[in-house]
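Engineer: Just so we're aligned: 182 in my numbering is position 182 of the sequence shown, and the numbers increase by one with no gaps anywhere.
A few of these clues could be false.
To be verified - Label-pair distances were calculated between CB atoms; the ranges are: (1) Ser146 to Val58: 41 to 51 Å; (2) Trp308 to Asp157: 25 to 35 Å; (3) Ile21 to Glu277: 42 to 52 Å; (4) Glu284 to Glu311: 49 to 59 Å; (5) Ile306 to Leu270: 26 to 36 Å; (6) Val78 to Asn203: 48 to 58 Å; (7) Ala309 to Thr150: 22 to 32 Å; (8) Ile57 to Thr273: 23 to 33 Å; (9) Glu311 to Gln83: 40 to 50 Å; (10) Val85 to Ala309: 22 to 32 Å; (11) Lys156 to Ile306: 41 to 51 Å.
No lab work stands behind these hints, which were simulated from the structure alone. Quick reminder that beta carbons are idealized off the backbone N, C-alpha and C, glycines included.
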Amino acid sequence: MELTFSYKYANLLILLVGLIIILYLLSKHSAKKRVLRFGNFEVLEKVIGRKILGVGIVPIILRTIAFTLIVIAISDPVLIYGQYVANTDFVLAVDTSSSMLTPDYPPNRLEVAKEVAIDWVKELENTKIGIVTFAGKSYVKLQPTSETDTIVNKLKDISLESPAGTAIGEALVTSTALLADSKKNRTVILITDGRNNVGVPVNDSIETLVSNHIRVIAIGIGSVENISITNITRPEGVNENATIAEFPDLDEATLQNIANKTRGLYFKILNKTSFEEAMKAGLEYKKSTIRPVTYLLLLACAVLLIEWALEITKYRALP
1 MELTFSYKYA
11 NLLILLVGLI
21 IILYLLSKHS
31 AKKRVLRFGN
41 FEVLEKVIGR
51 KILGVGIVPI
61 ILRTIAFTLI
71 VIAISDPVLI
81 YGQYVANTDF
91 VLAVDTSSSM
101 LTPDYPPNRL
111 EVAKEVAIDW
121 VKELENTKIG
131 IVTFAGKSYV
141 KLQPTSETDT
151 IVNKLKDISL
161 ESPAGTAIGE
171 ALVTSTALLA
181 DSKKNRTVIL
191 ITDGRNNVGV
201 PVNDSIETLV
211 SNHIRVIAIG
221 IGSVENISIT
231 NITRPEGVNE
241 NATIAEFPDL
251 DEATLQNIAN
261 KTRGLYFKIL
271 NKTSFEEAMK
281 AGLEYKKSTI
291 RPVTYLLLLA
301 CAVLLIEWAL
311 EITKYRALP
(Lines of atoms letter the chains of each structure in order from A and count residues from 1; the text may use other names and numbers.)
(Lines give C-alpha, C1' and ligand atoms only; values in the text may rest on other atoms or scores of the structure.)
Protein backbone atom coordinates (compact mmCIF):
# COMPACT_ATOMS: atom_id res chain seq x y z
CA MET A 1 0.00 0.00 0.00
CA GLU A 2 1.30 3.45 -0.86
CA LEU A 3 0.11 7.06 -0.80
CA THR A 4 0.98 9.38 -3.67
CA PHE A 5 0.17 13.06 -4.06
CA SER A 6 1.22 16.19 -5.91
CA TYR A 7 4.01 18.30 -4.43
CA LYS A 8 2.73 21.54 -6.01
CA TYR A 9 1.44 22.76 -2.63
CA ALA A 10 4.55 21.81 -0.65
CA ASN A 11 5.63 25.47 -0.46
CA LEU A 12 2.19 26.39 0.85
CA LEU A 13 2.53 23.82 3.63
CA ILE A 14 5.95 25.17 4.62
CA LEU A 15 4.56 28.73 4.62
CA LEU A 16 1.56 27.79 6.78
CA VAL A 17 3.65 25.87 9.31
CA GLY A 18 6.10 28.76 9.51
CA LEU A 19 3.23 31.22 9.99
CA ILE A 20 1.73 29.07 12.76
CA ILE A 21 5.08 28.96 14.59
CA ILE A 22 5.54 32.73 14.27
CA LEU A 23 2.02 33.40 15.59
CA TYR A 24 2.66 30.98 18.45
CA LEU A 25 5.87 32.78 19.44
CA LEU A 26 4.14 36.18 19.24
CA SER A 27 1.21 35.03 21.36
CA LYS A 28 3.59 33.49 23.89
CA HIS A 29 5.52 36.76 24.11
CA SER A 30 2.28 38.68 24.58
CA ALA A 31 1.17 36.32 27.34
CA LYS A 32 4.50 36.81 29.10
CA LYS A 33 4.02 40.56 29.15
CA ARG A 34 0.56 40.17 30.67
CA VAL A 35 1.98 37.86 33.33
CA LEU A 36 4.75 40.32 34.18
CA ARG A 37 2.12 43.00 34.79
CA PHE A 38 0.49 40.72 37.33
CA GLY A 39 3.79 40.51 39.18
CA ASN A 40 3.69 37.16 40.97
CA PHE A 41 4.00 33.94 38.93
CA GLU A 42 3.34 31.58 41.85
CA VAL A 43 0.17 33.31 42.95
CA LEU A 44 -1.08 33.51 39.36
CA GLU A 45 -0.46 29.81 38.80
CA LYS A 46 -2.44 29.00 41.95
CA VAL A 47 -5.28 31.24 40.80
CA ILE A 48 -5.62 29.80 37.28
CA GLY A 49 -4.63 26.26 38.29
CA ARG A 50 -2.02 25.62 35.58
CA LYS A 51 1.49 26.51 34.44
CA ILE A 52 2.04 29.84 32.78
CA LEU A 53 4.74 29.11 30.23
CA GLY A 54 4.58 26.55 27.42
CA VAL A 55 0.85 25.85 27.73
CA GLY A 56 0.11 26.62 24.08
CA ILE A 57 2.23 23.93 22.50
CA VAL A 58 -0.55 21.30 22.25
CA PRO A 59 -2.99 23.54 20.33
CA ILE A 60 -0.15 24.59 18.02
CA ILE A 61 0.71 20.97 17.26
CA LEU A 62 -2.96 20.19 16.57
CA ARG A 63 -3.29 23.25 14.33
CA THR A 64 -0.17 22.21 12.40
CA ILE A 65 -1.56 18.69 11.93
CA ALA A 66 -4.90 20.08 10.72
CA PHE A 67 -3.32 22.40 8.14
CA THR A 68 -1.02 19.59 6.99
CA LEU A 69 -4.05 17.37 6.40
CA ILE A 70 -5.79 20.15 4.46
CA VAL A 71 -2.76 20.73 2.22
CA ILE A 72 -2.46 16.99 1.55
CA ALA A 73 -6.18 16.86 0.76
CA ILE A 74 -5.86 19.54 -1.95
CA SER A 75 -2.72 17.88 -3.36
CA ASP A 76 -4.64 15.17 -5.24
CA PRO A 77 -3.79 12.29 -2.86
CA VAL A 78 -4.22 8.74 -4.16
CA LEU A 79 -4.02 5.65 -1.94
CA ILE A 80 -2.86 2.66 -4.01
CA TYR A 81 -3.15 -0.93 -2.82
CA GLY A 82 -2.74 -4.18 -4.71
CA GLN A 83 -4.07 -7.70 -4.33
CA TYR A 84 -4.12 -10.94 -6.28
CA VAL A 85 -7.44 -11.74 -7.92
CA ALA A 86 -8.67 -14.59 -10.08
CA ASN A 87 -11.75 -15.06 -12.24
CA THR A 88 -11.00 -18.75 -11.92
CA ASP A 89 -11.97 -21.78 -9.87
CA PHE A 90 -9.03 -23.95 -8.82
CA VAL A 91 -8.22 -27.47 -7.78
CA LEU A 92 -4.94 -28.10 -5.99
CA ALA A 93 -3.67 -31.58 -6.91
CA VAL A 94 -0.90 -32.41 -4.43
CA ASP A 95 1.43 -35.40 -4.65
CA THR A 96 1.46 -37.30 -1.33
CA SER A 97 3.72 -40.19 -2.33
CA SER A 98 6.74 -41.24 -0.24
CA SER A 99 9.20 -39.18 -2.25
CA MET A 100 7.53 -35.99 -1.04
CA LEU A 101 9.22 -36.56 2.33
CA THR A 102 12.60 -35.82 0.74
CA PRO A 103 14.26 -33.11 2.89
CA ASP A 104 15.97 -31.20 0.08
CA TYR A 105 13.43 -28.44 0.78
CA PRO A 106 13.46 -28.26 4.61
CA PRO A 107 11.71 -29.79 6.41
CA ASN A 108 10.57 -31.75 3.34
CA ARG A 109 8.92 -31.27 -0.04
CA LEU A 110 5.39 -31.96 1.16
CA GLU A 111 5.54 -29.51 4.07
CA VAL A 112 6.96 -26.77 1.84
CA ALA A 113 4.19 -27.41 -0.69
CA LYS A 114 1.59 -27.12 2.07
CA GLU A 115 3.11 -23.90 3.46
CA VAL A 116 3.24 -22.21 0.05
CA ALA A 117 -0.28 -23.35 -0.83
CA ILE A 118 -1.67 -22.04 2.46
CA ASP A 119 -0.06 -18.62 1.94
CA TRP A 120 -1.43 -18.58 -1.61
CA VAL A 121 -4.97 -19.37 -0.44
CA LYS A 122 -4.87 -16.59 2.16
CA GLU A 123 -4.19 -13.99 -0.54
CA LEU A 124 -7.35 -14.86 -2.45
CA GLU A 125 -10.89 -13.71 -1.77
CA ASN A 126 -14.15 -15.19 -3.07
CA THR A 127 -12.30 -17.86 -5.04
CA LYS A 128 -13.46 -21.47 -5.03
CA ILE A 129 -10.66 -23.96 -4.41
CA GLY A 130 -10.85 -27.75 -4.23
CA ILE A 131 -8.18 -30.18 -3.06
CA VAL A 132 -7.11 -33.53 -4.51
CA THR A 133 -4.21 -35.62 -3.21
CA PHE A 134 -2.61 -38.59 -4.89
CA ALA A 135 -0.06 -41.34 -4.37
CA GLY A 136 -0.88 -44.72 -5.98
CA LYS A 137 -4.47 -43.46 -6.34
CA SER A 138 -6.23 -40.11 -6.03
CA TYR A 139 -8.37 -38.82 -3.17
CA VAL A 140 -10.85 -35.94 -3.02
CA LYS A 141 -10.01 -33.99 0.13
CA LEU A 142 -12.24 -30.98 -0.46
CA GLN A 143 -14.97 -30.01 -2.90
CA PRO A 144 -14.43 -26.49 -4.34
CA THR A 145 -15.30 -23.87 -1.73
CA SER A 146 -14.51 -20.21 -1.10
CA GLU A 147 -14.26 -20.69 2.69
CA THR A 148 -10.64 -19.76 3.34
CA ASP A 149 -10.45 -21.30 6.82
CA THR A 150 -11.84 -24.61 5.56
CA ILE A 151 -9.33 -24.74 2.70
CA VAL A 152 -6.40 -23.89 4.99
CA ASN A 153 -7.38 -26.53 7.54
CA LYS A 154 -7.66 -29.20 4.85
CA LEU A 155 -4.23 -28.29 3.51
CA LYS A 156 -2.74 -28.53 7.00
CA ASP A 157 -4.19 -32.04 7.35
CA ILE A 158 -2.51 -33.38 4.19
CA SER A 159 0.03 -36.12 4.90
CA LEU A 160 1.77 -39.04 3.21
CA GLU A 161 -0.64 -41.59 1.70
CA SER A 162 -0.70 -45.10 0.27
CA PRO A 163 -0.68 -47.19 -1.86
CA ALA A 164 2.75 -46.60 -3.33
CA GLY A 165 3.02 -44.96 -6.72
CA THR A 166 2.31 -41.65 -8.45
CA ALA A 167 -1.08 -41.53 -10.15
CA ILE A 168 -0.77 -38.18 -11.94
CA GLY A 169 -3.24 -39.11 -14.69
CA GLU A 170 -5.90 -40.23 -12.22
CA ALA A 171 -5.41 -37.10 -10.12
CA LEU A 172 -6.01 -34.90 -13.18
CA VAL A 173 -9.21 -36.78 -14.08
CA THR A 174 -10.44 -36.47 -10.49
CA SER A 175 -9.64 -32.74 -10.52
CA THR A 176 -11.59 -32.34 -13.76
CA ALA A 177 -14.65 -33.89 -12.11
CA LEU A 178 -14.46 -31.39 -9.24
CA LEU A 179 -14.52 -28.48 -11.70
CA ALA A 180 -17.34 -29.85 -13.86
CA ASP A 181 -20.01 -27.47 -12.51
CA SER A 182 -17.86 -24.34 -12.49
CA LYS A 183 -19.09 -21.40 -14.58
CA LYS A 184 -15.75 -19.59 -14.41
CA ASN A 185 -12.37 -20.31 -15.94
CA ARG A 186 -11.02 -23.56 -14.51
CA THR A 187 -7.46 -24.36 -13.51
CA VAL A 188 -5.74 -27.34 -11.91
CA ILE A 189 -2.50 -26.63 -10.06
CA LEU A 190 -0.56 -29.89 -10.14
CA ILE A 191 2.28 -30.28 -7.61
CA THR A 192 4.44 -33.38 -7.98
CA ASP A 193 8.01 -34.63 -7.74
CA GLY A 194 7.74 -37.84 -9.78
CA ARG A 195 6.31 -39.46 -12.89
CA ASN A 196 3.03 -41.17 -13.67
CA ASN A 197 3.54 -44.89 -12.99
CA VAL A 198 0.11 -46.21 -12.10
CA GLY A 199 -3.54 -45.70 -13.03
CA VAL A 200 -4.88 -43.55 -15.89
CA PRO A 201 -2.41 -42.80 -18.72
CA VAL A 202 -1.43 -39.14 -18.84
CA ASN A 203 -2.49 -38.79 -22.49
CA ASP A 204 -6.02 -39.90 -21.59
CA SER A 205 -6.19 -37.36 -18.78
CA ILE A 206 -4.98 -34.62 -21.14
CA GLU A 207 -7.86 -35.40 -23.52
CA THR A 208 -10.30 -35.09 -20.62
CA LEU A 209 -8.80 -31.77 -19.56
CA VAL A 210 -8.83 -30.31 -23.07
CA SER A 211 -12.41 -31.39 -23.78
CA ASN A 212 -13.52 -29.66 -20.57
CA HIS A 213 -11.47 -26.50 -21.27
CA ILE A 214 -9.39 -26.87 -18.12
CA ARG A 215 -5.82 -25.65 -18.04
CA VAL A 216 -3.06 -27.03 -15.87
CA ILE A 217 -0.30 -25.19 -14.07
CA ALA A 218 2.22 -27.98 -13.50
CA ILE A 219 4.78 -27.47 -10.75
CA GLY A 220 7.71 -29.87 -10.65
CA ILE A 221 9.44 -30.10 -7.30
CA GLY A 222 12.57 -32.16 -6.67
CA SER A 223 15.34 -33.90 -8.57
CA VAL A 224 15.46 -34.89 -12.24
CA GLU A 225 17.55 -37.92 -11.26
CA ASN A 226 16.65 -41.08 -9.34
CA ILE A 227 17.22 -40.61 -5.63
CA SER A 228 17.44 -42.87 -2.59
CA ILE A 229 16.91 -41.81 0.98
CA THR A 230 17.85 -43.65 4.15
CA ASN A 231 15.68 -43.85 7.27
CA ILE A 232 12.72 -41.74 6.23
CA THR A 233 10.24 -41.25 9.05
CA ARG A 234 6.84 -42.22 7.68
CA PRO A 235 3.43 -41.39 9.10
CA GLU A 236 1.56 -44.12 10.94
CA GLY A 237 -0.42 -46.39 8.64
CA VAL A 238 1.88 -46.15 5.62
CA ASN A 239 3.30 -49.57 4.82
CA GLU A 240 6.97 -49.00 4.03
CA ASN A 241 9.35 -51.41 5.75
CA ALA A 242 12.53 -50.61 3.85
CA THR A 243 15.08 -48.31 5.40
CA ILE A 244 16.21 -47.26 1.93
CA ALA A 245 13.52 -46.03 -0.48
CA GLU A 246 14.09 -45.64 -4.21
CA PHE A 247 12.13 -42.84 -5.87
CA PRO A 248 11.62 -42.13 -9.59
CA ASP A 249 12.94 -38.95 -11.13
CA LEU A 250 10.87 -35.90 -11.94
CA ASP A 251 9.30 -36.35 -15.38
CA GLU A 252 9.66 -32.80 -16.69
CA ALA A 253 8.83 -33.74 -20.28
CA THR A 254 5.41 -35.09 -19.30
CA LEU A 255 4.64 -32.11 -17.08
CA GLN A 256 5.59 -29.71 -19.87
CA ASN A 257 3.39 -31.67 -22.27
CA ILE A 258 0.43 -31.46 -19.89
CA ALA A 259 0.90 -27.70 -19.54
CA ASN A 260 1.33 -27.13 -23.28
CA LYS A 261 -1.66 -29.24 -24.35
CA THR A 262 -3.96 -27.51 -21.84
CA ARG A 263 -2.60 -24.01 -22.57
CA GLY A 264 -1.21 -23.84 -19.08
CA LEU A 265 2.26 -23.32 -17.63
CA TYR A 266 5.08 -25.49 -16.31
CA PHE A 267 7.51 -24.50 -13.56
CA LYS A 268 10.55 -26.33 -12.21
CA ILE A 269 10.94 -25.30 -8.59
CA LEU A 270 14.41 -24.32 -7.38
CA ASN A 271 13.51 -22.89 -3.97
CA LYS A 272 10.59 -21.68 -1.89
CA THR A 273 10.59 -18.26 -3.57
CA SER A 274 10.24 -19.74 -7.05
CA PHE A 275 7.51 -22.00 -5.68
CA GLU A 276 5.55 -18.96 -4.48
CA GLU A 277 5.98 -17.24 -7.85
CA ALA A 278 4.74 -20.34 -9.67
CA MET A 279 1.60 -20.50 -7.53
CA LYS A 280 0.81 -16.88 -8.36
CA ALA A 281 1.23 -17.41 -12.10
CA GLY A 282 -2.45 -18.20 -12.44
CA LEU A 283 -3.50 -14.99 -10.72
CA GLU A 284 -3.79 -11.37 -11.76
CA TYR A 285 -2.21 -8.67 -9.60
CA LYS A 286 -4.76 -5.88 -9.59
CA LYS A 287 -4.10 -2.39 -8.28
CA SER A 288 -6.97 -0.41 -6.81
CA THR A 289 -7.02 3.26 -5.91
CA ILE A 290 -8.83 5.37 -3.34
CA ARG A 291 -8.92 9.17 -3.30
CA PRO A 292 -9.15 9.98 0.42
CA VAL A 293 -9.86 13.72 0.06
CA THR A 294 -13.13 13.65 2.00
CA TYR A 295 -11.63 11.57 4.83
CA LEU A 296 -8.63 13.89 5.14
CA LEU A 297 -10.82 17.01 5.28
CA LEU A 298 -13.12 15.44 7.88
CA LEU A 299 -10.09 14.46 9.95
CA ALA A 300 -8.70 18.00 9.66
CA CYS A 301 -12.04 19.41 10.86
CA ALA A 302 -12.04 17.02 13.81
CA VAL A 303 -8.51 18.07 14.79
CA LEU A 304 -9.46 21.76 14.53
CA LEU A 305 -12.51 21.18 16.74
CA ILE A 306 -10.32 19.51 19.36
CA GLU A 307 -7.85 22.40 19.13
CA TRP A 308 -10.69 24.94 19.50
CA ALA A 309 -12.11 23.08 22.51
CA LEU A 310 -8.71 23.13 24.21
CA GLU A 311 -8.26 26.83 23.45
CA ILE A 312 -11.50 27.79 25.22
CA THR A 313 -11.00 25.46 28.19
CA LYS A 314 -7.63 24.22 29.39
CA TYR A 315 -5.54 26.54 27.23
CA ARG A 316 -7.73 29.65 27.33
CA ALA A 317 -5.92 32.98 27.17
CA LEU A 318 -5.22 35.00 30.28
CA PRO A 319 -7.38 38.10 30.86
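Engineer: For each hint, tell me whether it holds in the structure or not.
Structural biologist: Against the structure, the hints come out as follows:
no.	hint	result
1	Ser146 to Val58: 41 to 51 Å	49 Å, holds
2	Trp308 to Asp157: 25 to 35 Å	59 Å, violated
3	Ile21 to Glu277: 42 to 52 Å	50 Å, holds
4	Glu284 to Glu311: 49 to 59 Å	52 Å, holds
5	Ile306 to Leu270: 26 to 36 Å	56 Å, violated
6	Val78 to Asn203: 48 to 58 Å	51 Å, holds
7	Ala309 to Thr150: 22 to 32 Å	50 Å, violated
8	Ile57 to Thr273: 23 to 33 Å	49 Å, violated
9	Glu311 to Gln83: 40 to 50 Å	44 Å, holds
10	Val85 to Ala309: 22 to 32 Å	45 Å, violated
11	Lys156 to Ile306: 41 to 51 Å	48 Å, holds
Checked against the numbered hints given earlier, the structure breaks hints 2, 5, 7, 8 and 10 and satisfies all the rest.
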